[in-house]
Structure formats: C-alpha cells, structure tokens
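*Asks:* Here's the letter readout for the chains.
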Amino acid sequence: MMQRVRRFYENTPGQKAVVAVTGIILFGFVLSHMAGNLKSFLGFEVDGRHAIDHYAEGLRTLGEPLLPHGLVLWGSRAVLFCAFVLHIVTVIRLTKRNRRARALPYVGQREPATNLASRSMLATGIFLAGFVVFHVLHFTTGTIRMGSFEHGKVYANLYHSFQGGLAAFLYLLATAALGLHLFHGVWSLFQTLGLDHPDRNATLRKFAIGAAVLIAVGFVAVPLLFFVGALGEPTGAAAHVKDW
Amino acid sequence: MAIDLNARIPHGPLADKWNNHIDSLRLVGPRNRPLYRVIVVGSGLAGASAAASMAAMGYHVDCFCFQDSPRRAHSIAAQGGINAAKGYRNDGDSAFRLFQDTIKGGDFRAREANVYRLAQLSAGIIDQAVSQGVPFAREYGGMLANRSFGGVLVERTFYCRGETGQQLLLGANSALAEQIHRGRVNMYTRTEMLDLVVAEGRARGIVVRDLVTGEIRSHAADAVVLATGGYSTVFYLSTNARGCNVTATWRAYKRGAAFANPCFTQIHPTAIPASGDQQSKLTLMSESLRNDGRIWVPKNKDETRSAPDIPEEDRYYYLEERYPRFGNLVPRDVAARNAKDVCDAGLGVGASGYGVYLDFRDAIKQEGLETIEGRYDNLFEMYERITGENPLKTPMQIYPAPHYTMGGLWVDYNLMTTVPGLYAIGEANFSDHGANRLGASSLMQCLADGYFILPVTIGDYLSRHPRGEIDTSHASFKATESEVNERVHKLLSLRGNRPSTAIHRELGALMTDSCGISRNKKGLAGALKSIPKLREEFWKNARVTGSAASFNMDLEYAGRVADYLEFAELMCRDAQKREESCGCHFREEYQTDDGEALRNDNEFTYSSVWEHRGERAPKLHKENLSFESIELAQRNYKT
Amino acid sequence: MRFTLHIWRQESPAYEGRMARYEIDKIDPGTSLLEMLDTLNEQLIAKGEEPVAFDSDCREGVCGTCSLVINGNAHGGFTETTTCQVYMRQFKDGDEIYIEPWRANPFPVVRDLVVDRTAFDRIMQAGGYVSVHSGPKPDPNSIPIEPDVAGEALDAATCIGCGACVAACPNAAAMLYTAAKVSHLGLLPQGQPERYTRVRSMVEQMDNEGFGGCTNFGECEEACPKGISIKFIGQMNRDYLRATVCEPIERSGKMEAQ
Ligand SMILES: Cc1cc2nc3c(=O)[nH]c(=O)nc-3n(C[C@H](O)[C@H](O)[C@H](O)COP(=O)(O)OP(=O)(O)OC[C@H]3O[C@@H](n4cnc5c(N)ncnc54)[C@H](O)[C@@H]3O)c2cc1C
Ligand code: HEM
Ligand code: HEM
Ligand code: SF4
Ligand code: F3S
Ligand code: FES
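If you read the sequences in order, they're chains A, B and C. Residue numbers are given in this note's numbering: position 226 of the first sequence equals residue 254, and the series is strictly consecutive. Residue numbers are given in this note's numbering: position 199 of the second sequence equals residue 1475, and the series is strictly consecutive. Residue numbers are given in this note's numbering: position 230 of the third sequence equals residue 430, and the series is strictly consecutive.
Some clues are possibly wrong.
DSS-like, lysine-lysine: derived pairs with alpha carbons at most 27 Å apart [as the list claims (entries may be wrong)]: (1) B:Lys1816 x B:Lys1853; (2) B:Lys1816 x B:Lys1805; (3) B:Lys1798 x B:Lys1853; (4) B:Lys1530 x B:Lys1809; (5) C:Lys247 x B:Lys1816; (6) C:Lys226 x C:Lys247; (7) B:Lys1895 x B:Lys1805; (8) B:Lys1669 x C:Lys337; (9) C:Lys337 x B:Lys1293; (10) B:Lys1766 x C:Lys247; (11) C:Lys247 x B:Lys1809; (12) B:Lys1809 x B:Lys1853.
Bear in mind the hints are in silico, worked out from the structure with no lab data behind them.
Using the sequences plus the hints, can you model the full thing?
*Replies:* Here is the structure:
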C-alpha cells in the first residue's frame, strides 16, 4: 500500500491529483458550511432557538445515539484538517518546483492567456489559509473577539461580530478569495483528474462559475445582511449549551 | 587508387535477386554483434532507421547529427506521402509496376536490380511504420487510405495529412530513442562530421566537431554509414533546410568514395518565389494546386496593372497554349522549365521578375468560392501567411525551386561506396531514382535502405574483417584530425569583409542560372570559370568571426560554404559531360522539336561516377546500365 | 522598415547574459523575422563582430528548431505560428522588438538565443516509443483503426518538439509536450501494451529534468505552433492515475490463502 502511495505521489501529476482530491473535500466542506450559514435566515424554531444554533448543536449530536456524542463532528474535523494540511503541503511542494523551473522572467511584455483566477491561485490560497486560522479562532474558539462571544450562540456571535465593518469586510474579502480560487480550481480539478473532455469543457466551465458564484454569494450574504441590519438582534432565549 | 565499380548485382531473375542475395551473404552472429561498432552519420529517415535497426540487432551504434535533436533532420519536412506497392486498391498495382514507374520516372538512368528491390520492400515499410505507431490516414472502415501522387496511374501513396515525413521520422526516431535508452546507440547531437578517416584502404571512423564546445575529436568504428541527406542548398535558395549540406559526402569523396550523377537535381515547379534578397529559403506549395489553378503571365513585358485587372486578352496561359493536352498538369520538369522560359523572356511577375501566376479565378467561377476554399484551405492559409496575399482575391505567385538531389555517393547493391566499409544511404547515395525522382519515393527509399537493406548487407562486410582493428590513436586518425584542425583555423583566420552567406548567395545564383532548371554548354563553361574565382574570393575576402573553441555558427556555415564552392564545380562538370537531356537534366542543345528532353541512349546509358584525384581534375568512370525487364523508351506526354 | 531590437546576448552558460540593443533599417516587410536576424548578423560579421546565435533549420514550421521569445511571447504570440513563420509585416515600422531565448532551467542557454533542449529527447527516450524491431510485421489492415481515432492520435503526434509550451508556461512545465507523445501512442492499438509503463516512465523523466508542474494555465496551448490541445494533458493525467492507482505493481504476484 505504501509502495503504491509513494509511486503515486512521487510525480507531479500524482501530487496535483492530491491537490485536486483535497480540493474537492474542502469544496464539499465549504458548500455544506455555506448551506449551514444560510440557516441564519430561517429565524426561530419551535423551541425558541435560532435555527442556526439548533443546526450547530445538531452537528454535534449527529450520528447519535448510534455513535458517541461528537464523533461525527470530530471525525469530519479530522478529515478536513488532513485535507487542508495535505492541500497546502502539496501546493508548497509544487510551487517550489515551479519557481525553480523558471529562474529568470522575461523582459518583454507578455500577452498571457491565463486569467486572474488561475494566476492568483497561490495568493487566494494563502489568504484563505490565513483566514481559516483567524476564522476558527474567531467563531469556533472565540479566542479572537470582535464583539461579544458565547459558545453555541452562533446567531448571536454572528450578529455581534458583523456589526463592525472590519469583520464584515474581512469576511467579504475571504469570500471573494474563495470565489476566485474555486473559479479556477473547480474547472482545473477535472483536468487534473483526467475527467475533462472537449465535449464537456463548456459545461465544466459553467459548473465552475456556478460553484464559485454560489459559494461566494451564499457566504457573503450572511455578513452583509448582518452588517446592513437586515438580520435582527438575537433573541434572549437561552440556548442550551452542551459541552463541545 | 583504382576504383572498383562492380555493383555486385546478384544473379537470377529480377524478382529473386534480393532473396538470393540475402541467402548468400555472410552474417554476424547475435553474440558477436555487440562487439562491432558502427558509425551512422545522420538521423533522418535513412540514418535513424538504420541506426535503430542495427542497434536492435545488437550492433553498437554511434549516431551523429548536427541538429540539437535527431528528430529535426530534414526528412521532417516531407509533406506529400510515401509510396508502397501494397495493392490495396485493387487497381492493378504490384511491385513490378512500382519498379516500372520508378525506372521510367528516372528516365532510365537507374539500376534495375536496386529499383526492383526497392519496390519489393516498399510494402514492408508501411507495416513497420504502423507497428511503431505512425498514424497514417484511415478510411471509414478503419483500413489504410491511399491517394494518387505524382501522375501515376495507381493509388499507392500513404499519407498522414500533409506531414508524412514528420510522422515517419518520428516513428524511426522513436525506434532510435528506444535503442538509445537501452544503451545500444550513443547519440551525438550538435556534432558535425568534418572528415572521414580511411586507413589501409578501408573506412575506419570519422572526425567531428562538437558544435557546442568546438572540440575536434575522432570516433573509430568497424564501418561508417553516411545518411547525410541531399545537397540542394548548393543553390542557396531551395526547399531544403538551412543546415543541409554536402560536407559529409564531399569529404568522403575526397577520401576516395566516388560521387555519382552530381548534376541530377530535381526542381519542384510550385514553390513560393523569392521575394527579396534577404530571403533565406523557399517554401514548397503542394503540386495539387495545379489541378484547379491556371498558370499564366502577362503578355506585355511592361505590364503595370495588378493581376486581377489584367484582361483575358493580355494574359498568356503558356502551358495551356504550349501543351494543349495536359495544359497546367504537365510533368514537374516541363512545368518548371516553361516557367523559367517565360521569366527569362522578361514576362515574369513579382519583385524579382521570377514568378508566374497561379490563378484560381476561373475555378472559383465554375465551382464556387467555398468549394475551392475548402479544397485548398491549408495551402491558401500557408501562402497568405508567407506572402500576405489572399489567393482567393489575387492570383498566387509561384516559381520552381530546387528540391531534391538524385546524385550522391556511388554505392553497390550492398549500399557500400567505393571505399570498403563506407556505406551511403538515403538521399546521400546516388539512389534508385535515376535522373528524376517520382513524388513520394524518397521516403520509401530512405526507409528501405535503413530498415531492411543495410542492416543485412553490412554484416557481410563486418564478418569479413577483424573488429576493432584500429582505434583513434592510430596515425591515420591523428593525421586527419590535424587536417581538420588546420582547416578550422584557416577559416577562422579569414579577415575579409564578406560574410560567408553572401558568397553562398552568389554561388547559389550562379548555379541556379547555369546548372539549374536547364543547362547549356556555354553557361556551364562559364560557371566552371566563375566557380574557382568565387572560391578564391571566399578564401580571400570572406570574414569568419568568433573562436574555434566555442559555439560558433558562423564557422559552421563557412565550412559548409567552402565545401559547396568545391562541389559546385563537380556538378557543373558532370552536367557538361552529359550531353543529352534526361529526367531533370535538361540540356538546351538536346531537345525534340517540341522542346522535350531528348535522351541519347546509345552514348549515355550509364551513371557518371566521379573519382577524386587530388589536385588533378576528377576522373569520370561509367557504370553502364542495362535494362532487361523493361524496354528503353522515350517519355511522351503530348499524346 | 526600421526596428529597434533588444536581443539577449550570452556568450556561454558560464557568463551572465544581458539585453543588447541594435538598430536595423531597410528591412523588407516580406522578410521573415529570422531573415531580419540573418541580415543583422551579416552586418555584424562584416564589422567583425560576433553574430547573434539563434537556432533554425527548416524555416517552414515543421522541424521545431527555431525558438525565440518575441516581445515576451514564445514564437511571437501569433496563432499557430513558429518563430520562422513570423514576418516583419506583422510589426509596425519603428517598433521596438524584444527577443529572448526560451527560459526554463531544464533548457539552459547554450549561447545567446540558443538553448539546450535535450531534456525533451531524454523524456522521449524514457518511453516515447513502441518497442518493435525492424522486420516483417502484421498487415496494418488486420488492425483496423477508426479514422477519427487515427486523426486524434495525429493531432497529438503533430508536436514538433519546439519547447514553446515550456517557454510559455508560467511554471515552465513540459506537460503539453509529454502529454502529446503519451496520448499519440496511448490512443493507438499499437501503443497499448506499453501504455501504462510508458506514461509512468515519461512523467518520471519529465519531473527528473526539473520542469515545473501543471496548474492548468493553458498558456502552452496558446503558444503551441501546432495548436496541440491541453485535453491531452487531461488524457495523460488520466493514464497516469490509472497507471499508479489501478495497475498492479506486480503482475506476476501470487495470491496465497490467508
Ligand atoms: C520540402 C520537402 C518535401 C518533400 N516531400 C517529400 C514527399 O512527400 N515524399 C518523398 O518521398 N520525399 C519527399 N521529399 C524528399 C525527402 O524528404 C528527402 O529526400 C529525405 O527525407 C532525405 O532523408 P535522409 O535521411 O536521406 O536525409 P535527411 O533527413 O536530410 O537527414 C540528414 C541527416 O544527416 C545529418 N547530417 C548532415 N550532414 C551532416 C554532417 N556533416 N555531420 C553530421 N550530421 C550530418 C543531419 O543532421 C540529418 O540528421 C521532400 C523534401 C523536401 C525538402
Ligand atoms: C477552503 C479552502 C480551499 C478550497 C475549497 C480549495 C480548493 C481547491 C481546488 C478545487 C483546487 C483545484 C485542484 C486542481 O486543479 O487539481 C485547488 C488548487 C489549489 N489550491 Fe486550494 N483550496 C482551498 C484552500 C487552499 C489554501 C489554503 C491554499 C494555500 C496555500 C490553496 C492553494 C491552492 C493552489 C496553489 C492550488 C493550485 C492551483 C491549481 O493547481 O490549479 N488552496 N484548491
Ligand atoms: C463568510 C462567511 C462565513 C461565516 C459567516 C462563517 C461562520 C462560521 C461560524 C459561525 C462558525 C462556527 C460554527 C460553530 O461554532 O459551530 C464557523 C466555523 C468554521 N468555518 Fe466559517 N464562516 C464563513 C466562511 C468560511 C470560509 C470561507 C471558510 C473556509 C475557507 C470557513 C471555514 C470554517 C471552519 C474550518 C470552521 C470550523 C469548523 C469546525 O469547528 O469544525 N468559514 N464559520
Ligand atoms: S506541444 Fe506544441 S509547443 Fe510544445 S513542443 Fe510540441 S509543438 Fe512545441
Ligand atoms: S501553461 Fe503550464 S500550467 Fe499546464 S496547462 Fe500548460 S503546462
Ligand atoms: S526553423 Fe523549423 S520550425 Fe522554425
């Protein structure tokens, strides 16, 4: 098995495939994360809690009673974390190699066929990496405070954070970066995995645009609407916070 | 040294000669083959196929080319296709018919036995190429497609779009790459052969210059194979690549290998004319254009109107008028000659006055713009790219261009030159094409030589001699090496003010004029006087820059020009001696009343074989040709 | 026409290179860019200066020898054009033109504008062939090939090995070149027996030469004078994944009851 992995990971197309597969996992995550975030709009549920708080709680109890509390959550976190790290590590490896391959740039003016998204993959990626760290410290652990924070009160946390323009702006940037990253990434991964074909190319391009726009709009809506005040103050209804 | 012109043609009926011959050849056993070292100079179709085949048999091969990669040999440029007597078309084709067409096409100046063998082996070439992954055109059912080419009555030409040469070369090169990978071929790129080493009457190796470092060095071997292509660039402007040269074969000639039929050079009728004196090469346009285009020149010498504005009555459709039956489809040499004729008369068009119109106006009128455009799409695009003119709006301009050289080192049936142990294959030998080559037959000959003939015949020589007898420490190597060094330094000491390209251009103009499409006694005599003067001019007024021990393209080029300046003389001498017209060799004195080539079979049914004799004039030997299976007949295309 | 040329001059790999400036006049618009350089060289030689070294051979777009980056674009940035097919009428009178060599570490400069592309040959030697000896072979018609498939194989095989794809790729990746060869043979029945070993060894050699990795920029396709499509890169990736993930490591391995 190790031999196979080594054989596969030894060369650039294999490494690139790792970037693509981890990219898919990350994409899957952001997609569901976005869907989750949109629950901010759903208002209250029966027991008086914010839908999104309920959802956050639900994530922790997913799989119960068959599985122990939090297992699914932690399992997914582990997978995500590995994918994230692998994505970055592999990208660093490939980027180093690419830098080495072209020591001197051209003097003359190029007319590139690349697009903004493909050229800025590394930049958007690095920005995203920084953002994720910040973001986890912000919303998950509450280490970074931008407004008041309370575990489990997702809606309230969101509300308080995004009253400030700085936070909203930061999240807006992150969303833009993610959109750009996916604009190229989602198209590119089919090519990397050899799933492309001229017959499908237009569709793949549209799919990537769709994915990028959907994710970007879906994500940006939350901070934006909080910021402009379209989403109201959280209710006082105390959420039952379990240890997480 | 007396030269031995025994062609070693096997006995027996024509069809059995090759097989009988194989049976009688001595062989080298598989265990011994790795102990023999063979040098192959050239990595074109001939060189690559030979090197790969011999290495696969087990011989140790050293292969050389001057380009940066073996894949760039000029074979890559062949467009049209490759002939093979597969008989797939059910149209009566056979090895015999291909043989017959080749002999007739060559105007009865080729050796029957060799040509028959070529025709026999042709089918196997296609099989070989396909097995290597050459993607020949296929029909809907998946079978190989054919087209007809070069005015023959059967469809036997195999092709890959317009890049047959490239695909065949990539096939041969991939076989070569495999052998390099397996360590049986040492490939030396950017390495130019500058001399042949002969000791005790046998070829022992070569002296080369590493074009990157400038190092002059020797390579010894048990046999040397030259596959260095043709010498059309003696005309400066030709369809050949910039690097094509006569150096390797010329050096071999000076070391004792006889040179045959140097004056047999083929001029292709449809190339894009030279546009100015900065032009460095001519680009071929497919002959198929003549199917729909009408060729004409203005009737008046001082025509100033642009072509589309010239009315019908002021156009001279000279081919249609002179050859009413074939019109624009007359054979290559006739078309070429007539173009020169009208341009010499001052009717030519274009900047240089050496061009004629090829007009699609009437074809477009008849068949519609779309049909014609669809038919010649690529060609029109290529033309427009080069000239900036759209052939659908203004007529194309074309002019004949030197294209292929039938002459080369004389070889016997085993493809060995008059120097034992020195072989010549592909365009570099004097070949099976006689005085004129049929379209799509050169690729076939190169590959027959390389894949099938040489690998078998070379064993016969190798097995007769002890291997590794002489290495590069031998005095003959040292002597040749120092001659080469001396020559390089002599070139570098040239401190005049004329770049060698300028002198090459001058030589080219001279040769085009006096030894090109048509030749005459006076012109040739004049050229034989001018060439030595030009040579003198070169050695006096040329300028060669840079140093010996570096990458120096100026030096490379100058060396090639210097050889051409010697070779051109032999070419003219040969043309002068052959007082008949045959194939591409058109002597104005010898033509029928209708202006057709007039052969003189009684006196000239031979190959001219020239022997170098140092300072003395070269000596002409004759290899008489006899035709047993086919009747000597005059070509006739008027009726 | 007159031009101001900025040309990369570098005596040998050991020396630092620099851009040198030349003025040239009286150039016919029908002259090709290489012929303009020829003219410049003749002028330099007549003055006793060393000419600008550049590669070219066929000068009709098939041999893949010519290799100049013109104004930052490999082969000049015209569609499906090699350097030798660039004509001066495509520029404006008085233009400044920047001429540089292919820049990629696996293609070291030999001199001036000439680079060493033997890395490509080594990729080919690593597996770009069908292992067959010369000799009698089955009749090609015994293995029918759909004309479209033969055509697609030819689309890939038409690569002239010029290296513009590497020169143009921001990562200096040789994916298009390698993919073209892998796909050419991979599409044909003759290439099947070695299909998966071929892709692995060629890719490995490509990486060993130090070319960059592909991030699907598509610059290579844009610069390729033969219009070779990056779909072949996808095809090669597919074959590579298949070769490394699915193909057995050892065919002759044995199963033992556990
Ligand atoms: C534009 C064009 C189109 C053609 N179309 C067709 C066609 O459709 N069908 C057809 O049958 N024929 C065609 N021909 C003719 C045919 O292509 C050539 O005759 C044939 O390819 C010659 O092959 P070769 O192997 O003998 O020589 P080349 O392919 O020319 O190879 C010569 C080799 O020798 C090497 N070499 C030369 N000199 C030296 C030296 N001094 N030291 C070291 N190495 C040296 C070179 O590096 C090269 O590798 C065409 C020719 C041209 C020019
Ligand atoms: C939520 C986070 C992320 C997602 C959803 C994501 C997604 C993707 C996808 C789908 C690809 C395309 C893979 C391919 O073409 O094969 C990709 C490529 C890439 N990613 Fe990310 N990525 C994320 C985070 C990052 C981070 C943090 C970095 C920072 C270093 C990064 C850097 C890159 C780079 C440089 C590429 C290469 C571009 C290419 O090959 O086309 N990504 N990513
Ligand atoms: C722009 C709008 C975004 C909002 C409003 C948002 C909101 C949140 C909130 C509230 C949490 C905490 C959930 C909880 O504690 O249960 C969270 C967690 C997280 N978010 Fe976001 N997020 C946004 C964008 C992103 C983006 C772009 C990424 C990745 C690229 C991302 C990655 C994460 C991660 C990794 C976690 C931690 C998940 C975990 O704890 O397991 N988020 N996000
Ligand atoms: S793929 Fe295109 S650009 Fe690359 S080497 Fe081949 S022909 Fe040149
Ligand atoms: S430009 Fe480079 S990144 Fe890939 S698609 Fe072409 S090799
Ligand atoms: S010189 Fe041959 S492709 Fe340009």
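*Asks:* Hints first: check each against the structure and report whether it holds.
*Replies:* Results of checking the hints against the structure:
Our distance criterion of 27 Å between C-alpha atoms is broken by lysine 1816 of chain B and lysine 1853 of chain B, whose separation comes to about 30 Å. For a cut-off of 27 Å, the pair hint linking lysine 1816 of chain B to lysine 1805 of chain B stands: about 17 Å separates their Cα positions. Between lysine 1798 of chain B and lysine 1853 of chain B the alpha-carbon distance is near 12 Å, which keeps this suggested pair within the 27 Å criterion. Between the alpha carbons of lysine 1530 of chain B and lysine 1809 of chain B the distance comes to roughly 21 Å, so the proposed pair stays at or under 27 Å and holds.
At roughly 16 Å between alpha-carbon atoms, lysine 247 of chain C and lysine 1816 of chain B fall within 27 Å of each other, so this suggested pair holds. For the hint linking lysine 226 of chain C to lysine 247 of chain C, the alpha-carbon distance of about 18 Å falls within 27 Å, and the restraint holds. Only pairs whose Cα atoms come within 27 Å are accepted, and lysine 1895 of chain B paired with lysine 1805 of chain B is accepted, the gap being roughly 18 Å. Our distance criterion of 27 Å between C-alpha atoms is broken by lysine 1669 of chain B and lysine 337 of chain C, whose separation comes to about 49 Å.
Proposed proximity of lysine 337 of chain C and lysine 1293 of chain B is supported: the alpha carbons are some 22 Å apart, at most 27 Å. Simply put, lysine 1766 of chain B and lysine 247 of chain C have alpha-carbon atoms about 19 Å apart, close enough for the 27 Å limit, and the pair holds. At roughly 24 Å between alpha-carbon atoms, lysine 247 of chain C and lysine 1809 of chain B fall within 27 Å of each other, so this suggested pair holds. In summary, the hint linking lysine 1809 of chain B to lysine 1853 of chain B is supported, as the alpha carbons are separated by about 21 Å, within the 27 Å threshold.
In summary, the structure is inconsistent with hints 1 and 8 from the numbered list given earlier, while agreeing with the others.
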